[in-house]
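Put chain B on the given structure of chain A with help from the hints.
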Amino acid sequence: MKNWGFYINNDWVKASNHRDVINPATGQVYARVGEATKNETEQAIAAARKAFDEGPWREYTAQRRGRVLFAIAEVIRKHADELAKLETENVGKPIVESEYDMADTATCYEYYGGLATKILGEVNPVPDNAISLTMKEPVGVCGLIIPWNYPALMMAWKVAPALAAGCTMILKPAEQTPMSALRLAELLKEEVPDLPPGVINVLTGAGEISGATLVASPQVDKIAFTGGTETGRNILKTIGSTHIKKVSLELGGKSPNIFFVDADLQASIDGALFGVFINQGEVCSAGSRLLVQKKWHDEFIDRLIEQSKKIKLGDPTLRETKMGPLVTKEHRERVQGFIDAAVKQGANLVTGGKAPGGDLKDGWFVEPTIFTGVTPEMNIYRDEVFGPVVTVTPFEDEAEALKLANGTAFGLAAAVWTRDIFKAFRMVKQIRAGIVWVNTMQPCFVEAPWGGYKQSGIGRELGRYGIEEFLESKQVHINLSEAPIGWY
Amino acid sequence: MKPKLWINGRWQSSKGKTFPVNNPATEKVIAHVPSSTHAELLAAVASARAAFNSWRWVPGLEKAVLLHEVARKLREYQKTLAHLMTLEGGKPFCENRDEVEWSASCFDYYAELGRHSRGSSIPPVFEHQVNFTIKEPFGVVGCITPWNYPLLLLAWKAAPALAAGNTLVIKPSSQTPLATLELAKSFSVLPSGVVNIITGEGAELGELLIQHPDVDMVALTGSVQTGIKVGESCARLCKPAHLELGGKDPFIVCSDADIDVAAQAAVWAGCLNAGQVCTSAERFYIFEEIYDAFVKKVVHYAQAIRIGDGMDPTTDMGPMISAAQVDKVDAQVRAAIKQGAELLTGGKRPPHLSRGFYYEPTVLVNVDHSMAIMKEETFGPVLPLMKVSGIAEAIKLANDSIYALGANIYTKNLEWSMLAMDHVRAGTFWINDPLTDNDAAPFGGCRCTGNSRELGEEGLDGFRHTKHVHLDYIMERKSYWYPYWQYNQVKEPTAKASGGSSKSKSRPLSKKKRNVRKKGTL
Chain A
1 MKNWGFYINN DWVKASNHRD VINPATGQVY ARVGEATKNE TEQAIAAARK
51 AFDEGPWREY TAQRRGRVLF AIAEVIRKHA DELAKLETEN VGKPIVESEY
101 DMADTATCYE YYGGLATKIL GEVNPVPDNA ISLTMKEPVG VCGLIIPWNY
151 PALMMAWKVA PALAAGCTMI LKPAEQTPMS ALRLAELLKE EVPDLPPGVI
201 NVLTGAGEIS GATLVASPQV DKIAFTGGTE TGRNILKTIG STHIKKVSLE
251 LGGKSPNIFF VDADLQASID GALFGVFINQ GEVCSAGSRL LVQKKWHDEF
301 IDRLIEQSKK IKLGDPTLRE TKMGPLVTKE HRERVQGFID AAVKQGANLV
351 TGGKAPGGDL KDGWFVEPTI FTGVTPEMNI YRDEVFGPVV TVTPFEDEAE
401 ALKLANGTAF GLAAAVWTRD IFKAFRMVKQ IRAGIVWVNT MQPCFVEAPW
451 GGYKQSGIGR ELGRYGIEEF LESKQVHINL SEAPIGWY
Chain B
1001 MKPKLWINGR WQSSKGKTFP VNNPATEKVI AHVPSSTHAE LLAAVASARA
1051 AFNSWRWVPG LEKAVLLHEV ARKLREYQKT LAHLMTLEGG KPFCENRDEV
1101 EWSASCFDYY AELGRHSRGS SIPPVFEHQV NFTIKEPFGV VGCITPWNYP
1151 LLLLAWKAAP ALAAGNTLVI KPSSQTPLAT LELAKSFSVL PSGVVNIITG
1201 EGAELGELLI QHPDVDMVAL TGSVQTGIKV GESCARLCKP AHLELGGKDP
1251 FIVCSDADID VAAQAAVWAG CLNAGQVCTS AERFYIFEEI YDAFVKKVVH
1301 YAQAIRIGDG MDPTTDMGPM ISAAQVDKVD AQVRAAIKQG AELLTGGKRP
1351 PHLSRGFYYE PTVLVNVDHS MAIMKEETFG PVLPLMKVSG IAEAIKLAND
1401 SIYALGANIY TKNLEWSMLA MDHVRAGTFW INDPLTDNDA APFGGCRCTG
1451 NSRELGEEGL DGFRHTKHVH LDYIMERKSY WYPYWQYNQV KEPTAKASGG
1501 SSKSKSRPLS KKKRNVRKKG TL
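Protein chains in written order, with the working numbering: chain A, 1 to 488; chain B, 1001 to 1522.
Mixed in with the good hints, there may be bad ones.
Here are the simulated PhoX-like cross-link-like pairs (lysine-lysine), alpha carbons at most 25 Å apart as the crow flies [to be verified]:
1) B/K1239 - B/K1229
2) B/K1017 - B/K1185
3) A/K38 - A/K2
4) A/K354 - A/K309
5) A/K118 - B/K1135
6) A/K329 - A/K361
7) A/K423 - B/K1412
8) A/K474 - B/K1135
9) B/K1135 - B/K1467
10) A/K294 - B/K1412
11) A/K294 - A/K423
12) A/K354 - A/K312
13) B/K1467 - A/K474
14) A/K312 - A/K85
15) B/K1004 - B/K1017
16) B/K1387 - B/K1296
17) A/K322 - A/K354
18) B/K1028 - B/K1348
19) A/K295 - B/K1412
20) B/K1185 - B/K1015
21) A/K474 - A/K118
22) B/K1004 - B/K1028
23) B/K1467 - A/K118
24) A/K423 - A/K454
25) A/K429 - B/K1412
26) B/K1079 - B/K1004
27) A/K403 - B/K1412
Which bits of chain A does chain B cover? Going by a derived footprint, with three or more residues having C-beta under 8 Å, they are [said to hold, decoys possible]:
28) 120-128
29) 133-139
To spell it out: a stretch of chain B is covered by chain A in this simulated footprint if at least three of its residues, at any positions, have a beta carbon under 8 Å from a beta carbon of chain A; those stretches are [as the list claims (entries may be wrong)]:
30) 1110-1123
31) 1411-1417
Calculated from the structure, these hints are not laboratory results.
Glycine is no exception: its CB is placed at the ideal position from the N, C-alpha and C atoms.
The following block holds chain A by itself, in its conformation from the complex (with noise of 0.2 Å):
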């Protein structure tokens, strides 16, 4: 079995301590990853920090960094089916939808390669005779946390703005999902002969170590994170009390997909399913509370527990699978223990709620699973579960919809299912989260913004608002005038 080292310098560096990487859907041993210690962490700092001050990467042009962009996914257009191999060993989601994960990659580097060159600052109307500007400027050395659930997609939504900004990077994959960051690190050294050394440096390694080590760092200027809400909080509690640098944070959701009776009934029930049981309902932005009309609420669930028992789970690798496992056994035992504490607190399990057995019994699986009855008090209603357990609660109209879509800590996506315009405008203005979907869940976009309200996050990712988070503002004012200004 390989040990794989980090990637600095664009070149590989022995690492001193390794971890295993676990295939969830067998729960062997695969693959064995290198555990950066502080120091090693260091030393990727400090090659990306000096890619920054002193690298060919700062003169490159807009132009020149747009290439290399169109490269990267070219690279990874060409090796789709071996990336999504990796992501489905690794993740354990099914094929089909790492293959639309590795098409989406492609389209953000390429999206993102197109923007560097429209990078535009303003010329300021200043009231003097003077000329100002403002021109934007890479943020310079950044230090991007990757999530375990699209471990190459996130990846993109952080690596394409920051390299089409002009920063360097440290990239730090998810301890549990490290292998398409290092095989892109491969490809990348093999087939974008452009990209100067330093400039992305990939580094595996645990949060508590390698992670905090990034975030600590008065040699990095920015942290772009995405994961959990607690994870989050302790990011900025350490740059609140170590180096102060820009941040940005895509945390968790607990979302809303709100149906309305006038809505098309059989369009609602797939979108209830998809919009959560989608990679596991290990997305951010998943459906979680799905709240439905009470003219609506028998039929509805009766339909739903007849579909979702026909989300075919299984081997992640063969195409008819639709659901895989969970990443981790940990995470599996979290979901579980959100199961068992909502069937304690008065939840009704109607469908799944456990392990499926059989062929799948050493893969961390756990079944489509629905509760009803469920009030807000419950924590299964407020917390993020991230799988596939999904909630119904009841509503009578508008107001009492409106209230409990609101009635949560996080904010980051919500849909609405409706063919009422007037209904549809006025639940779009009045929910407070990052992303609304009207009449469909989780169609996401590289040239559209992507982030959260409230405890879901700072900043966005993805469109122009992905690329303004790794850039600085700097205003230039030329004064026009040699008379002396005669103050004193």
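Below, chain B without anything else, positioned relative to chain A:
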């Protein structure tokens, strides 16, 4: 009333003849207004030209203060201005009062926008370069304004043009010059010559204005015929023409609309200012399920409109602008009836009014697209109603027009409204709220409606051109200059970038070598 011309910051008596201005409600002459002479036109342009050289350099902040002051003055003179507009144009006083307020708010909007926008800084194509753009005024703008909203449509041009640093020569419509001349009092807060107002009858004065070599661009709101003439004249001189022309706005009412609300909206959208709005709803497409009920309601509300002198506070609809305009509208109505349309109400002068250019709110059914009433701009209080089988037919008919200014739909249905929004060709699409403007949102159309946008940021850009500034902060001989035998010795003529599948291991080239000619460098 014996108005003078406003040139170079003061009132000047004209040496020309005069022409009469009527009150369309009484048909009485209310003023004799000067026909500016050629010399007076030259003086106005010269004054604008001279003022431009200093106005363009007035800092944005100071311009903003002055433009806010114009807005304040407009509000101060609101009643006088509204009164004059009712006298010369016939619109009900309350509509004119609103028009003055909207004009003031347009000046407030551009006062601030002008301060916030000057250009962009741009990523350069080579290192040690700095690139940015600066938006600059065109110079002297000739504004030719119409009679239906004399102040508002002037404000939509004057406010952005001034905020951008242009100076103006304004020629109002000969039918409604009085309120515009009165506006000089509000413009008097600006430096002399920044705004000049001249009056005249017929096309001659406007043509002289367009032809003047010191007039850098022309902005017109008017009919398609005038727009084409102005556009042709400008084209011969390579002069930008900012054209805001006619419309034939469709109004779709779906089966799920609240019939009572939609009928009132339709009547208002069709009869506002006696139908003399460029965005008047002029063609109505009604879903068959509600057609009969809707027609009944429309007739009811059309008949409820009170017609009379605009100064009477109970008046809903005043006279039209002129006898010629009444005749034109009536001819379209007659022709439609001859072709088979059925007149349900209106179609004539109101019997209780013996004088004034009045025309009753008119409702026609059994109309189709072979009739001029459904194809040509009517510009009168006429509502031709047509039954449609559903959204697809409504969209198809809505697009069957040479115009594309505004369009309306009444529905609660998300799919229908979005489908129509996407597929109906129009510069403004109103869903359940006809004929509303927003200073921050662009207004205009395409096809025969014109080539530009007023309001919003686009409205400011209409009066500015862009200068690209390119700066290299290292003074050095470029490798791609003469002699070419040297340039031809440069091994790799473009900055070496990674091609998609390039296996090249070459590192970035030295600075000098990278500094080579690229397409578009010169």
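Going down the list of hints, with the structure as the test:
Distance restraint check for B/K1239 and B/K1229: the Cα-Cα separation of roughly 13 Å lies within the 25 Å cut-off, and the hinted pair is therefore satisfied. A C-alpha spacing of about 24 Å is found between B/K1017 and B/K1185, which places the hinted pair at or below 25 Å, so the restraint holds. In summary, the hint linking A/K38 to A/K2 is supported, as the alpha carbons are separated by about 23 Å, within the 25 Å threshold. The hinted pair formed by A/K354 and A/K309 meets the criterion: a straight-line CA distance of about 13 Å does not exceed 25 Å.
Of the supplied pair hints, the one linking A/K118 and B/K1135 holds, its CA atoms being roughly 18 Å apart against a limit of 25 Å. With a C-alpha separation of about 12 Å, the suggested pair A/K329 and A/K361 falls inside the 25 Å cut-off, and the hint holds. Restraint check for A/K423 and B/K1412: the C-alpha separation of about 9 Å stays at or below 25 Å, so the hint holds. For the proposed pair A/K474 and B/K1135, the alpha carbon gap of about 20 Å is at most 25 Å, so the pair holds.
In summary, the hint linking B/K1135 to B/K1467 is supported, as the alpha carbons are separated by about 6 Å, within the 25 Å threshold. Distance restraint check for A/K294 and B/K1412: the Cα-Cα separation of roughly 22 Å lies within the 25 Å cut-off, and the hinted pair is therefore satisfied. Of the pairs offered as hints, the one joining A/K294 and A/K423 holds, with about 17 Å between alpha carbons and a cut-off of 25 Å not exceeded. Between A/K354 and A/K312, the direct Cα distance comes to roughly 15 Å. Compliance with the 25 Å bound is thereby established for this hinted pair.
This hinted pair checks out: B/K1467 and A/K474 have alpha carbons roughly 22 Å apart, not beyond 25 Å. Annotation: proposed proximity of A/K312 to A/K85 holds, straight-line Cα distance about 19 Å (limit 25 Å). Only pairs whose Cα atoms come within 25 Å are accepted, and B/K1004 paired with B/K1017 is accepted, the gap being roughly 12 Å. Note on B/K1387 and B/K1296: the hinted pairing holds, with a Cα-Cα distance of about 13 Å set against a maximum of 25 Å.
For a cut-off of 25 Å, the pair hint linking A/K322 to A/K354 stands: about 17 Å separates their Cα positions. The suggested pairing of B/K1028 with B/K1348 holds, with an alpha-carbon distance near 21 Å, which does not exceed 25 Å. In summary, the hint linking A/K295 to B/K1412 is supported, as the alpha carbons are separated by about 21 Å, within the 25 Å threshold. Using a Cα cut-off of 25 Å, the hinted pair B/K1185 and B/K1015 holds, with the two alpha carbons roughly 22 Å apart.
Taking the CA atoms of A/K474 and A/K118, the gap is near 17 Å; set against the 25 Å cutoff, the hint holds. Pair hint B/K1004 plus B/K1028 holds up; C-alpha atoms about 20 Å apart against a cutoff of 25 Å. At most 25 Å may separate the alpha-carbon atoms for a hinted pair to count; B/K1467 and A/K118 meet this at roughly 17 Å. Between the alpha carbons of A/K423 and A/K454 the distance comes to roughly 24 Å, so the proposed pair stays at or under 25 Å and holds.
Proposed proximity of A/K429 and B/K1412 is supported: the alpha carbons are some 17 Å apart, at most 25 Å. A threshold of 25 Å between alpha carbons decides the hint, and for B/K1079 with B/K1004 the separation of about 21 Å falls inside it, so the pair holds. Note on A/K403 and B/K1412: the hinted pairing holds, with a Cα-Cα distance of about 23 Å set against a maximum of 25 Å. For a cut-off of 8 Å, the count of residues in the stretch 120-128 of chain A with a CB near a CB of chain B stands at 9, and the three-residue condition holds.
Under a criterion of three residues with beta carbons nearer than 8 Å to beta carbons of chain B, the stated coverage of the stretch 133-139 of chain A is upheld, 4 such residues being counted. Counting residues of the stretch 1110-1123 of chain B whose CB lies closer than 8 Å to any CB of chain A gives 10, which reaches the minimum of 3, so the coverage claim holds. Proximity of the stretch 1411-1417 of chain B to chain A, defined as three or more residues with a beta carbon under 8 Å from a beta carbon of that chain, is established by the 6 residues found.
Checked against the numbered hints given earlier, this structure breaks none of them.
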